[in-house]
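Asker: Chain order of the listed sequences is A and B.
Per the working numbering, the first sequence starts with residue 1, numbered consecutively.
Per the working numbering, the second sequence starts with residue 115, numbered consecutively.
Hints in this document: simulated from the structure, not taken from any laboratory.
Yeah, the Cβ is synthetic: ideal placement off N, Cα and C, and Gly gets one too.
Misleading hints may appear alongside valid ones.
Stated by the list, open to error - Computed cross-link-like contacts, BS3-like style, restricted to lysine-lysine with a CA-CA straight-line distance of at most 30 Å:
| hint | chain 1 | residue 1 | chain 2 | residue 2 |
| --- | --- | --- | --- | --- |
| 1 | B | K115 | B | K171 |
| 2 | A | K69 | B | K127 |
| 3 | A | K49 | B | K127 |
| 4 | A | K69 | A | K49 |
| 5 | B | K171 | B | K127 |
| 6 | A | K69 | B | K115 |
As the list claims (entries may be wrong) - Derived contacts from chain A toward chain B, CB cut-off under 10 Å, selection only:
| hint | residue |
| --- | --- |
| 7 | F14 |
| 8 | Y25 |
| 9 | N41 |
| 10 | Q42 |
| 11 | L46 |
| 12 | L51 |
| 13 | A111 |
| 14 | H113 |
| 15 | P114 |
What the hints assert, rightly or not - Beyond 12 Å from chain B on every Cβ pair, some chain A residues (computed):
| hint | residue |
| --- | --- |
| 16 | P12 |
| 17 | Q38 |
| 18 | Q45 |
| 19 | S70 |
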Amino acid sequence: AQSVTQLDSQVPVFEEAPVELRCNYSSSVSVYLFWYVQYPNQGLQLLLKYLSGSTLVESINGFEAEFNKSQTSFHLRKPSVHISDTAEYFCAVSEAGGYNKLIFGAGTRLAVHP
Amino acid sequence: KAGVTQTPRYLIKTRGQQVTLSCSPISGHRSVSWYQQTPGQGLQFLFEYFSETQRNKGNFPGRFSGRQFSNSRSEMNVSTLELGDSALYLCASRLDPNSEQFFGPGTRLTVL
């Protein structure tokens, strides 16, 4: 069975500062890793994913995450945040292959202040 | 291409009633999954359907059931509602079992 731990429940940061949201996972099999973002009163939007290949994955809005197999981590980073990045961020893992459910972390609330 | 749509967006029911939620996947997607989101338990997987067959199931009581139709639309039913069933119910669709899931806006169910 897989599990996901998001180490910070809340991360306050000032606009234009860098941010890192931490995610560790546990699994005995190969996994896929995801970051989703949820804005208030909305569903989840896929931010980025790691399925295979390059361990560094990037999103179109400046976020990146690096898959570290030895440390079983998939931390999310952004070099300069905007007010509009304020949201809840969920790290998720699924067993590689078909029909496998997403296991989510508890979420990290990113609050960007002016 | 339209995203995943869920109806209704908001629902208020009383204990003991039953409720049916609907989800229309992205056009061409044949897999639909359901998740429950609550402040206490977070996001939990309910079940996944692919080509009208349930392929995976989470750890929820039998009061929670679902089905998928030939056009890939899915419904989720909860019978004998309890206060603890109050949650945001999210539907997600994907093209096939190996692709990423795209989520709808959710249905917020309040049980009084």
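Asker: With reference to the structure, classify each hint as holding or not holding.
Answerer: Structure-based check of all given hints:
At roughly 29 Å between alpha-carbon atoms, K115 of chain B and K171 of chain B fall within 30 Å of each other, so this suggested pair holds. For a cut-off of 30 Å, the pair hint linking K69 of chain A to K127 of chain B is broken: about 46 Å separates their Cα positions. Among the hinted pairs, K49 of chain A with K127 of chain B is inconsistent with the structure: their alpha-carbon atoms are about 37 Å apart, more than 30 Å. Among the hinted pairs, K69 of chain A with K49 of chain A is consistent with the structure: their alpha-carbon atoms are about 15 Å apart, no more than 30 Å.
Only pairs whose Cα atoms come within 30 Å are accepted, and K171 of chain B paired with K127 of chain B is accepted, the gap being roughly 25 Å. The hinted pair formed by K69 of chain A and K115 of chain B fails the criterion: a straight-line CA distance of about 35 Å is larger than 30 Å. Among the interface hints, the one on F14 of chain A is violated; its C-beta lies about 27 Å from the nearest C-beta in chain B, farther than the 10 Å criterion. The beta carbon of Y25 of chain A is not positioned within 10 Å of any beta carbon in chain B (closest approach about 15 Å), and the interface hint is therefore violated.
For N41 of chain A, the shortest C-beta to C-beta distance to chain B is roughly 8 Å, which falls under 10 Å, so the interface hint holds. Given hint, Q42 of chain A at the interface with chain B, holds; its Cβ is 6 Å from that chain's nearest Cβ, closer than 10 Å. A least Cβ separation of about 6 Å between L46 of chain A and chain B falls short of the 10 Å threshold, and the interface hint therefore holds. At its closest, the beta carbon of L51 of chain A sits 8 Å from a beta carbon of chain B; the interface hint therefore holds under the 10 Å criterion.
Interface hint at A111 of chain A: violated, since its Cβ lies 17 Å from the closest Cβ of chain B, which is beyond the 10 Å cut-off. Restraint check, H113 of chain A versus chain B: the minimum CB separation of about 24 Å is more than 10 Å; hint violated. Annotation: P114 of chain A was flagged as interfacial toward chain B, and the flag is violated, the nearest CB pair being 28 Å apart, outside 10 Å. For P12 of chain A, the non-interface assignment is confirmed: its Cβ lies about 20 Å from the closest Cβ of chain B, beyond the 12 Å cut-off.
The beta carbon of Q38 of chain A sits about 9 Å from the closest Cβ of chain B, which is not more than 12 Å, so the claim that it is off the interface is violated. Taking the minimum C-beta to C-beta distance to chain B, about 7 Å, the non-interface status of Q45 of chain A is violated against the 12 Å cut. At roughly 25 Å from the closest C-beta of chain B, the C-beta of S70 of chain A stays outside 12 Å, upholding its exclusion from the interface.
The earlier numbered hints that this structure contradicts are 2, 3, 6, 7, 8, 13, 14, 15, 17 and 18.
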